[in-house]
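Participant: Produce the complete structure using the sequences and hints provided.
Protein chains in written order, with our numbering: chain A, 1 to 294; chain B, 295 to 607.
Please note that the accuracy of each hint is not assured.
[Unchecked claim] Label pairs and their computed distance ranges (CB to CB):
no., chain 1, residue 1, chain 2, residue 2, range
1, A, I39, B, V424, 22 to 30 angstroms
2, A, R65, B, V424, 38 to 46 angstroms
3, A, Y187, B, A580, 42 to 50 angstroms
4, A, S157, B, S451, 37 to 45 angstroms
5, A, G73, B, G404, 45 to 53 angstroms
6, B, S451, A, L30, 29 to 37 angstroms
7, B, V424, A, Q193, 37 to 45 angstroms
8, A, W75, B, L452, 23 to 31 angstroms
9, B, L311, A, F70, 56 to 64 angstroms
10, B, T500, A, I39, 41 to 49 angstroms
11, A, L30, B, A368, 39 to 47 angstroms
12, A, L41, B, V424, 25 to 33 angstroms
13, B, A347, A, L152, 22 to 30 angstroms
Simulated from the structure, these hints should not be mistaken for lab results. Cβ atoms here follow ideal geometry from the backbone N, Cα and C, with glycine treated the same way.
What follows is the residue order along each chain.
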Amino acid sequence: MSDSINPARAAGEEIRRAPLAVPRATRMPLSVSLGIGWIVLVVVVALAGDLLAPHAFTAIDLRNRLAGPFQAGHWLGTDELGRDILSRLIASVRISLLVALGATVLSATIGTSIGFLAAHARGKLEQFILMLVDFQAAMPFLLLALSVLAFLGNSLSLFVALMGLYGWERYARIARGLAIAADSQGYASAVRQLGAGPLRVYVRHILPNIASTLIVSMTLTFPEIILMESSLSFLGLGVQPPMTSLGNMVGFGRGYMTRAPWIMFAPAAMIVVTTLAVSVVGDWVRDRLDASLK
Amino acid sequence: MLRFILIRLLRAALTVLLVVTFAFAILRLSGDPALSILGDDASPQALAAFRHAWGLDDPLWVQYLNYIGAFFRAEFGQSMRSGEPALGLVLSRVPATLALTLPALALKLGIGLPLGVLAALHRGSATDRVVMAGAVAGFTVPSFVLGLVLVQLFSISLGWLPTGGAGDWQHLVLPVVTLGIGGAAMLARFVRSAMLEVLGQHYVRTASAKGLPWNAVVRRHALPNAAIPTITIVGLMVGNLLAGSVVVESVFSWPGIGNLLVVSVMSRDLSVVQCILLLVAITMVASNLAVDFLYGALDPRLRNANVSSTHSK
Numbered sequence: 001m002s003d004s005i006n007p008a009r010a011a012g013e014e015i016r017r018a019p020l021a022v023p024r025a026t027r028m029p030l031s032v033s034l035g036i037g038w039i040v041l042v043v044v045v046a047l048a049g050d051l052l053a054p055h056a057f058t059a060i061d062l063r064n065r066l067a068g069p070f071q072a073g074h075w076l077g078t079d080e081l082g083r084d085i086l087s088r089l090i091a092s093v094r095i096s097l098l099v100a101l102g103a104t105v106l107s108a109t110i111g112t113s114i115g116f117l118a119a120h121a122r123g124k125l126e127q128f129i130l131m132l133v134d135f136q137a138a139m140p141f142l143l144l145a146l147s148v149l150a151f152l153g154n155s156l157s158l159f160v161a162l163m164g165l166y167g168w169e170r171y172a173r174i175a176r177g178l179a180i181a182a183d184s185q186g187y188a189s190a191v192r193q194l195g196a197g198p199l200r201v202y203v204r205h206i207l208p209n210i211a212s213t214l215i216v217s218m219t220l221t222f223p224e225i226i227l228m229e230s231s232l233s234f235l236g237l238g239v240q241p242p243m244t245s246l247g248n249m250v251g252f253g254r255g256y257m258t259r260a261p262w263i264m265f266a267p268a269a270m271i272v273v274t275t276l277a278v279s280v281v282g283d284w285v286r287d288r289l290d291a292s293l294k
Numbered sequence: 295m296l297r298f299i300l301i302r303l304l305r306a307a308l309t310v311l312l313v314v315t316f317a318f319a320i321l322r323l324s325g326d327p328a329l330s331i332l333g334d335d336a337s338p339q340a341l342a343a344f345r346h347a348w349g350l351d352d353p354l355w356v357q358y359l360n361y362i363g364a365f366f367r368a369e370f371g372q373s374m375r376s377g378e379p380a381l382g383l384v385l386s387r388v389p390a391t392l393a394l395t396l397p398a399l400a401l402k403l404g405i406g407l408p409l410g411v412l413a414a415l416h417r418g419s420a421t422d423r424v425v426m427a428g429a430v431a432g433f434t435v436p437s438f439v440l441g442l443v444l445v446q447l448f449s450i451s452l453g454w455l456p457t458g459g460a461g462d463w464q465h466l467v468l469p470v471v472t473l474g475i476g477g478a479a480m481l482a483r484f485v486r487s488a489m490l491e492v493l494g495q496h497y498v499r500t501a502s503a504k505g506l507p508w509n510a511v512v513r514r515h516a517l518p519n520a521a522i523p524t525i526t527i528v529g530l531m532v533g534n535l536l537a538g539s540v541v542v543e544s545v546f547s548w549p550g551i552g553n554l555l556v557v558s559v560m561s562r563d564l565s566v567v568q569c570i571l572l573l574v575a576i577t578m579v580a581s582n583l584a585v586d587f588l589y590g591a592l593d594p595r596l597r598n599a600n601v602s603s604t605h606s607k
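Facilitator: Next comes the structure, spelled out in structure tokens:
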């Protein structure tokens, strides 16, 4: 994923930066540094999960059921089957990040392509796409997702695909608007005069120029997808056991709230701190890269 | 003006049609209803008779038209779990959901609007930073976490309020607060940025330059203009009155539409899910329509200018 996006982003930044001469080294606020630190930590934990987890996340230890936190061997305690909370937390972070990352990339790709299509086609097709965009923006995503899950059943691949529709309408709107604006600028028509096909113009020339705006939009959608995934999993309609995700852990821990609140506490805190970190960093990136997005 | 209204009505009808089509499409994608109802070991004759009885052997477009026809006759079939008519079942849950979402909406508006305006008027001050920090926190704490924290605190530790269920007013407090805080945070953030945008406009500068007291500038020039984009968000909240409390109802075992939806999705009670989907879609479309008309009434530019462009954001 990073291979295809980073060069584009670099190009976008260069073009944006050069004429505006934004000072490179404005001081980073403490909250942003903390946020970046937390995100790095979470990603490292997710990547090195198997090495860090003290137990297998499905390993049952019936003699140690509902053990409290801060004990050797089970630092965050155990759940009703004696499974280690820390190990389950690490496994959950992996799944939740995987779903959120997959869904973000998917929805950015789908939305941008549709936006370009609208910009390229104009006319009736554009009107139809705009109607779909309005429809998606108006209908609560949770409700659409629940109906699809009710009709089609649930599996991880379907779930990721479904989450990959979250927020496509925003990318479509942005991509369409910016592509129409870019079409009227010199460079797009210059490339077109040289004989480049529409696909080449959009992917190789326009996309790099609007990438920074799209990336800002991705950082703002990412925490929302984490929240949406955890809400669905909390309801028992998202990630299914034996797999585990953050929302899933909170959902199951809820039954033991009075006797073992730590089951619920760790994943809940994880969701809050992670979405907070991504939002703070996302806001900061937005302010620096693109003042036109609010 | 008539053209404006007609175009909006047409768009609303198209949106409802789109939702019906969506429901039809996923219904057909979900597999052969004959097989799923009669079971895998049904005889071919029984399957054929079932398909014929329900019109499943008709061409797809005939089925589609029949489906739309049934929608207009408000026939949503029976709940597979209880055998009751789906529409009646869903409608019987509406009052319970509104009992949560209406006070929550009042709470959102009562907290979100003034705080957003306050933060914008004192941009960069300590007030602004506190409000914004609260708004970000309110957005990042998912409603089920907030709800469970409130239960832990006020029901389990302090024992002041019930943990869930429906009954007297005490059962309402925690779910309403849970719903209200999240929405208020979002609204405050939005109102602040709408206000800031208006405060940066030339007409505001002109108004204060000609000597108008700041209070009057805010009241007569800034607030009405910032209200216009805010109406969109409030409209979305109104449209969400029925479907906006799915998670919270589940946390507090509240017997509303959201709870019914989750239970129906789990048991794959398709006619009930479909009915909720369409009911919410109609509420949404109606509230969007109301927003469009309000826009037209408040902002003359929209009435006369390019009516076919999308108003949203």
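Participant: Next step is simple, just say for each hint if it's right about the structure.
Facilitator: Comparing the hints with the structure gives:
Remark: the range hint 22 to 30 angstroms for I39(A) to V424(B) is upheld by a beta-carbon distance near 25 angstroms. Range check, R65(A) to V424(B): about 43 angstroms between beta-carbon atoms, so the 38 to 46 angstroms window is met. Checked against the hint of 42 to 50 angstroms, the C-beta distance between Y187(A) and A580(B) comes to roughly 45 angstroms, which is consistent with it. Hint check: S157(A) to S451(B), Cβ distance near 42 angstroms, so the stated range 37 to 45 angstroms holds.
About 50 angstroms separates the C-beta atoms of G73(A) and G404(B), a value consistent with the hinted range of 45 to 53 angstroms. At roughly 32 angstroms, the beta carbons of S451(B) and L30(A) sit within the given window of 29 to 37 angstroms. The supplied range of 37 to 45 angstroms is broken by V424(B) and Q193(A), whose beta-carbon atoms lie about 55 angstroms from each other. Distance hint check for W75(A) and L452(B): the Cβ-Cβ separation is about 29 angstroms, which falls inside the suggested range of 23 to 31 angstroms.
Hint check: L311(B) to F70(A), Cβ distance near 58 angstroms, so the stated range 56 to 64 angstroms holds. Checked against the hint of 41 to 49 angstroms, the C-beta distance between T500(B) and I39(A) comes to roughly 45 angstroms, which is consistent with it. A beta carbon spacing of about 58 angstroms between L30(A) and A368(B) contradicts the range 39 to 47 angstroms that was offered as a hint. For L41(A) and V424(B), the hinted distance range of 25 to 33 angstroms is satisfied, since their beta carbons lie about 27 angstroms from each other.
Under the hint 22 to 30 angstroms, the C-beta atoms of A347(B) and L152(A), about 25 angstroms apart, fit the expected range.
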